[in-house]
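Based on the sequences and whatever the hints tell you, model everything.
Heads up: the sequence shown begins at 1062 in this note's numbering, then just goes up one per residue.
Think of the hints as simulated: they come from the structure by calculation, not from any bench.
Please read these numbers as outputs of a predicted model, since none were measured by experiment.
No incorrect hints appear here.
Below 20 Å or equal to it, Euclidean Cα-Cα: the simulated SDA-like pairs (lysine to any residue) are:
(1) Lys1593 / Asp1631
(2) Lys1522 / Leu1572
(3) Lys1694 / Val1130
(4) Lys1643 / Ala1607
(5) Lys1314 / Gln1371
(6) Lys1584 / Phe1518
(7) Lys1730 / Gln1340
(8) Lys1111 / Lys1285
(9) Lys1063 / Leu1354
(10) Lys1212 / Ser1318
(11) Lys1694 / Asp1091
(12) Lys1727 / Gly1351
(13) Lys1285 / Ser1186
(14) Lys1111 / Cys1123
The calculated label-pair distances, taken between Cβ atoms and stated as ranges, are:
(15) Arg1646 / Glu1144: 40 to 48 Å
(16) Gly1606 / Lys1583: 26 to 34 Å
(17) Arg1342 / Gly1606: 40 to 48 Å
(18) Thr1428 / Arg1223: 39 to 47 Å
(19) Gly1609 / His1327: 57 to 65 Å
(20) Gly1089 / Lys1675: 34 to 42 Å
(21) Gly1089 / Tyr1267: 24 to 32 Å
(22) Gly1629 / Pro1425: 38 to 46 Å
(23) Leu1098 / Gly1629: 44 to 52 Å
(24) Asp1129 / Ala1579: 55 to 63 Å
We put the beta carbon where it would ideally sit given N, CA and C, even for glycine.
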Amino acid sequence: MKRLLPAYPLWVIDPNFSVWSPCDELNGGDAIFWTGLSRRTYGFVRANDKTYCFLGRRDGACPMRQTDVSVTAFGTQYTFAGEGFTLKVEFVSPLPPDDLDLLSCPVCYTEYEAEFEGEMPEDFSVALALDEEYCYNNEPARVVGGVLPLKGYEAAFMTRMRNLVMSNADDIAAPDWGDVYLAGEESFFITDAALNIYLSTGKAEYVRKERERNYLFAISRARKGYFMTAFDDKVSIFYFGEWLKGYYFRTGKTVISAMDDARAEHERVLAALARFDGQLRADCDAVGEGYYLLACASLRQCVGAHKLVQNAEGELLFLSKECDSNGCIGTADVSYPSIPLFLIYNPKLVNAMMTGIYDFARMPVWTFDFAPHDIGTYPWCMGQAYGVRNADDKYSCNQTMFWDYPRTHTMLYLRPAASEVYDFKYQMPVEECGNMLIMTAAALLAGADTQQAKRNFPLLKQWVKYLEKYGLKPSDQLCTDDFAGHLADNANLAIKALVGLEAFSLICEVLKKGELAARYRKKAEQFAADFKNIVGEGIMPLAYGAEGSYSLKYNLLFDKLFGFGLIGQDVCERETAYYIEKNERYGVPLDTRKDYTKSDWIVWCAALTDDRQKARALYAPLLTYLAESPSRKPFGDWYDAKTGLIEHFFNRTVQGGIFALLLKEKGLKRD
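Listed below in C-alpha cells is the structure:
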C-alpha cells in the first residue's frame, strides 16, 4: 500500500485542536496533535465475539488489516479487512473556505460503514475512545467530565479541572484548557476498567475506578453511522483588549448548538464538501498529474491553522499561528504565501488576515514608517512579539527579542511611543511593506470589499513610499527567507518591492484614484528597468554582484498575476528552466547557500512558467517528499531537499501557497 503523506489529518479544528496519524497504518501507533505529542486515540470494532482495533493499538484488541488509504479535500479515508467483513472509515474536517459558519463550527465527523459476507453479527458495534491527555499539554493534570443526553444522541465531555483559559501561549504546545467532546449513539466518561470490559465482552458499561486513566467513549451498533468530535476553547482570541469567541459563537450559540447543528445538517454538510472536492479535483486535474494530492495535503492544514473571529466592530479576523516557527499570531509574511488558496475561494479572508496588522500599525507604540511583522503570540494579540528591544532598564526590564519574547504578560500595544519597544535590526521593513501592499491589491482584484483599503489608505501610501526609497537596493535586513543569514541587495526582496509599487498602482485604480495609479505605474516601470540593468542578463543572482548564485524568485508571481509583466515572461521561463536543473530528489533548494527548500515557494515558482511540463517538473518532487520524508509530521514547508528531513516549520498556513498554480489558471478577476 503506497504511502501518500508523512502524517494524515484526522480531526482538524483550529491551532489548538488538530489530530493526525503519523503512521502508514492507522492502527500502527498513537495519533498525535500537530505538535507531535502523542494523543492516545482508539477505534474498535466488535464482531463474532472478537474485538478489533482500526485506530491506535490497545492490548485486548486484534489489529485489523488496512487495505487502502486515500485523501480528499476534507477527508481521510481508510479501508480495513476483518474476518468476514470490511470496514470503511473516513475522518472529516469540514473546513470549506467559502462557508464561514461551517469553517468555524468546531465539530468533526468520523464516518464508518461495514460490509459483511453474510448477516451482520448480533454483537456488532463500532466504538471510539479518547484518552484524558487530550485535556492537557505534556504534564498530566486532574481531568473531570460527564455525559450530556441530547436529542437522539449522547455527548461525553472531559476537561482539565483547573481550566485556565488561554494560559498557554507557547509555540509547539497543545492547550491546557477547553472541553473535548465525543458524541455518538451512546457515550461515556469512563476509566480503563470499563474500556477493558468492552474489549473482552463487547459490553459498554459505566465504570469508573480511582487512579485509572480517563477516557471519552462512544459506541454505535448500526452497520453505518458516524461519531462527532468537538472542541470548545471557551475563549479563542485576546484582541487588543477584547476577548473574542470563535466566529461560529458570535450570535450566542454554544458547543451544544454546534453538535446539534452538525447532526441536523450532517447530510447537507457532506454533500457540500463533496461538491467542493469534486470541483477541486477537476480543476487540479487540469493543472497536472499529482497536483490534486498536493492541494488535499495542504487545504485542511492551512485553513485549520487559523482561527476565525469577529471583533466588536463586526470586522472579520482570520488569525494564523506560526506553528513551529515562533508561535506568533497574524504574521504578515506567513499570510502572504498562503493567499493563493483564499484568493480563489474567499478573498474576504485575505482582508481578515490583514486587519490586525493595520490596527496595530496605527497604535502609538509602532513608531516605524513600515509595516509590522505580527500582532502578538497566539492566541494573544498584544502587539508585535518579534524584535522586542533588549534593554535592562526600569522601562524595559530586560525584555528580549523574539526567541524569548514576552508572551501574555506584556501588553505591548498599550505602551506609548516613548517606550521605544522595538529593535530596528530585527524588523523586516521591505518584506512586510511589500506583503501588505500585494495582499491588499490581490484581495481587491479577487473581489474583496474596498472599505479596508479605503480606511487604511494613509498607511498604504506610507508603506509604498518606503519601498520607493529603500526597495531597489535593500539594506542588510531580515526577510522571510533569512534562515542562512541576512544579506544586503537581496534580488528577490527587490522584486517584492517592485511588485509592491505595482500593487499600490492597482489599489489606486480600484479606489478610483486614477492620477496616483498612473504615477505609480510609471514608477514601477522605471523601477523594473533599473532592476534589470543591475542584475543584467542571465540567471538573476541571490544578491547583486553575487556571480554564480541563484535564489527562487517566487516574488515574480504577482508581477505576472497583476498583468504588469515588467520583468518579462522570457525571464520567468529562463529562471524556471534553471531551477529544474538544480532539482534535488525532494525539490529545488531555496538558494545557493544551503540544501534546504520551501514547498510553498516551489509551487509559486512553478506558476511562473506557461509550460505545464516545466511546472510539473518543479512540483513533482514535492509528491516524492510527501511519500518519503522521514519526518512524520504534518506537511512541513522548510526541509532538506536532499534528505527530506524537516528543518523547522510544520502544520503552517503557508501551504495555502500550494494553490498558486490553480490561482494562475483561474486568474484574478474582480466582479
